[in-house]
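Peer 1: Take a look at the letters that make up each chain.
Protein chains: 2
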Amino acid sequence: MNMQTPWEHRFAQRTQRIKGSAIRELLKFSERPDVISFGGGMPAPEIFPVKEFQEACIRVLQNNGPQALQYSTTEGYLPLRKYLVDSMAKNGINITPDNVLITSGSQQALDLIGKIFINHGDRILVENPTYLGALQAWNAYGAEYVSVPLDEKGMNTDHLEEALRYGPKFIYVLPNFQNPTGVTLTLERRKRLIELADHFGIPIIEDDPYGQLRYEGANIPPVVVIDSQMRNSTGLYSGNVIYLSTFSKILAPGIRLAWIVAPQEVIQKLVLAKQGMDLNTATFNQHIAFEVAKDGFIERYVPTIRKVYNERRDAMMDALTEHMPDGVKWTHPEGGLFLWITLPGKLDSVELFKESVEEKVAFVPGESFYANGGGRNTMRLNFSFVSPEKINEGIARLGNVMKRQMK
Amino acid sequence: MNMQTPWEHRFAQRTQRIKGSAIRELLKFSERPDVISFGGGMPAPEIFPVKEFQEACIRVLQNNGPQALQYSTTEGYLPLRKYLVDSMAKNGINITPDNVLITSGSQQALDLIGKIFINHGDRILVENPTYLGALQAWNAYGAEYVSVPLDEKGMNTDHLEEALRYGPKFIYVLPNFQNPTGVTLTLERRKRLIELADHFGIPIIEDDPYGQLRYEGANIPPVVVIDSQMRNSTGLYSGNVIYLSTFSKILAPGIRLAWIVAPQEVIQKLVLAKQGMDLNTATFNQHIAFEVAKDGFIERYVPTIRKVYNERRDAMMDALTEHMPDGVKWTHPEGGLFLWITLPGKLDSVELFKESVEEKVAFVPGESFYANGGGRNTMRLNFSFVSPEKINEGIARLGNVMKRQMK
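As you go down the protein sequences, you meet chains A and B in turn.
What the first sequence shows, in the working numbering, is residues 1083 to 1489, in sequence order.
What the second sequence shows, in the working numbering, is residues 1083 to 1489, in sequence order.
Careful: at least some of the hints might be erroneous.
Same chains, same label: a pair holds when it works inside one copy or across any pair of copies.
[Stated by the list, open to error] Only pairs whose alpha carbons sit at most 35 Å apart, straight line, appear in this in silico DSBU-like list of lysine-lysine:
no., residue 1, residue 2
1, K1133, K1436
2, K1376, K1411
3, K1376, K1172
4, K1164, K1436
5, K1164, K1133
6, K1164, K1472
7, K1442, K1172
8, K1436, K1376
9, K1436, K1472
10, K1489, K1376
11, K1411, K1133
12, K1376, K1133
13, K1164, K1442
14, K1273, K1428
15, K1273, K1133
16, K1485, K1133
Quick caveat, the hints were computed from the structure, so don't treat them as lab data.
Note that the structure is predicted; figures quoted are calculated from it, not measured.
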């Protein structure tokens, strides 16, 4: 019996080639407490509804403890699904609980969609740039990408028709305060997107984590609603758009709760796939979220989030005006958590990042958000996590690094 | 613009072919409250530590609320990983926190392993029968299976050598109180498994959800420990076995917390894969579990679980002796949650199931646990969920159905 075999490498040799990213390594520096981080997509923890969670935990465990700690159905806790049906009806999304699947965060929703839709080599139509978590989830299924450029009105639908001729499996779009750019798809372009998708027979996946976090301007109906209205006079969900949203930005991300709205037969397939992935989303968390939310708490809480993030967005816009060197451009997000910077020609955001970390300020270099490469002259800034004072200090540091590198 | 396109089917047509199982549909009947269910793998909810969870929730939210409700690292909450390192050291597993990844239940551990190891068409060596959740997770990655028969001493290692010549990617084994059969792999066979795996250069995945739930007989060290001892004199983890375990059976499944022990370079790949799957396991749940467990609560609680399940196992063994017709055989599990029935030739467990549901008693027909088909004359019974009185009543009903079908 030979015990000299290099066992310790045997497992590693048998794994898929999974690419670690240089940026991921760099971002670890940004987690140090002395760094001002515009890097993550984290909510402001100081306004989390801690007291409401505490009360909900006590009530759930008192009234429903054994059930809340047990396995549960893959579809999700029915009272929570009913709550979501009622809550989404206020935004014009008219569905039944059979159209709702509770997921372990929106990232799981993206993974599930990858699992049931994407065959190796399938093309997915995405905005350019788009949410890197979606790319990460779908790369694992061998997705390839057709990308459509964005401008301050969102996905540029003038380029959509040509892209649709590549035969994508679906269109992935973040219409409100897009991650990473912060731009919002206009009503006119939403309609054009729906028309073109219908013409080419390509379904749409609408990712809407920040829809409730608007700080200025009028709400625009979700794509799923416009689509239903264009399709039938009743406004009932017609199943042409899969809609994703999450509790992470309107309650707390640490409970990992999100949901998918889809045609019932798609939900059934998602349920089977999810069963093999984690059996069910944590029962306890679903009971707690329902208990916190059921009497309208979220409607009372969201205005606080809006107020705080609005101040931080304004602080960041002001700081950018004050500290950015000439030639740097940025978007004006009407809501959400992010804005997007475009650098003048000679600056490279990865190089900038390396020096910024030494100055203890962090962001995400833009290239990670480009499905097919590019974007070295772009970067994403988050404004929800850091206080207004620190935002100004961080942007000042960033401006100094840029000025040094422009010399 | 043509709005008559049958949009509602467009999504469904684009999904993978995911097979719903007939048994899954049947099992829905078993969820009715008037059915005596030996079908699931559920712990007894009446002994869940509800009070301890309540106290932990209060303390975590009081002392650490914002952090517990925020996003966190994919690897898992460091104090919980350290707790697991200390706790596993008592079973002879000597590792560091860098060898531990917290997952959203063991089902996610299985999915993650599928994601990083299995390419379409890869063969996996499994026990015959084996845990159906593993098959469900790995079927999604296009796995095929080489299976090795079981007897009352666990996987029959006399058949292992031949199976290893098929070149499986890894060996999947549940050595303690196996799901579905309840049998335990003997020490002698554990050693033979390790020798043969080493000889053929094939790594082992050891799934150990029930290791602490032994009701009789002496503990046998986990495969991961024996392997380390055979390999080096220090007994330090040598990385040849990936070990899985879970809080679901020693705390509560509704919090969806489990863990993987693996070589550090494998953990790093699992972390990258998990990031695309759900970013991180619920921060809140990890804080709560740590708070419940940190002062030795699990060591005090497990004897209660053992006592209750031991009574139920005995009740089921007695009831089987009393009510089963001649020719029916069953295993004698020394621990865990399940036992396994083999029917005489003319009985078919799927046919039996259909009639049993009408008699309001449920189980899982055995065929689901066979990777390559067969097993229509077998069935799995769970004894942890139902009270001893109901166990006797349920087994009596089952005996009556069998006797009718044998006529």
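Peer 1: Now look at each hint and say whether the structure bears it out.
Peer 2: Hint check results:
Neither within a single protomer nor between protomers do K1133 and K1436 lie at most 35 Å apart by alpha-carbon distance, with minima of 40 Å and 49 Å respectively. When the C-alpha separation of K1376 and K1411 is checked against a cutoff of 35 Å, the pair qualifies neither within a copy, at 43 Å, nor between copies, at 51 Å. With identical chains, the CA atoms of K1376 and K1172 are at most 35 Å apart within one copy only, with a shortest distance of 15 Å there and 44 Å across copies. In this assembly of identical chains, the alpha carbons of K1164 and K1436 lie at most 35 Å apart only when taken from different copies (32 Å versus 48 Å within one copy).
Within a single copy, K1164 and K1133 get their C-alpha atoms as close as 24 Å, and across copies as close as 29 Å, so both meet the 35 Å cut-off. For a Cα distance limit of 35 Å, the shortest separation of K1164 from K1472 across copies, 33 Å, qualifies, whereas the shortest one inside one copy, 41 Å, does not. Taking the shortest alpha-carbon separations for K1442 and K1172, neither the intra-copy value of 43 Å nor the inter-copy value of 42 Å comes in at or below 35 Å. Taking the closest pair of Cα atoms, K1436 and K1376 never come within 35 Å of each other, the shortest separation being 46 Å inside a single copy and 39 Å across copies.
For a Cα distance limit of 35 Å, the shortest separation of K1436 from K1472 inside one copy, 20 Å, qualifies, whereas the shortest one across copies, 66 Å, does not. Neither within a single protomer nor between protomers do K1489 and K1376 lie at most 35 Å apart by alpha-carbon distance, with minima of 57 Å and 55 Å respectively. Taking identical chains as interchangeable, the C-alpha atoms of K1411 and K1133 are never at most 35 Å apart, the minima being 41 Å within one chain and 55 Å between chains. Within a single copy, K1376 and K1133 get their C-alpha atoms as close as 16 Å, and across copies as close as 24 Å, so both meet the 35 Å cut-off.
Proximity of K1164 to K1442 under the C-alpha cut-off of 35 Å is restricted to the inter-copy arrangement: shortest distance 29 Å between copies versus 46 Å within a copy. In this assembly of identical chains, the alpha carbons of K1273 and K1428 never lie at most 35 Å apart, being 38 Å within a copy and 63 Å across copies at closest. For the homomeric pair K1273 and K1133, neither the shortest alpha-carbon distance inside one copy (42 Å) nor that between copies (53 Å) is at most 35 Å. For the homomeric pair K1485 and K1133, neither the shortest alpha-carbon distance inside one copy (45 Å) nor that between copies (58 Å) is at most 35 Å.
When the structure is compared with the earlier hints, violations turn up for hints 1, 2, 7, 8, 10, 11, 14, 15, 16 and for no others.
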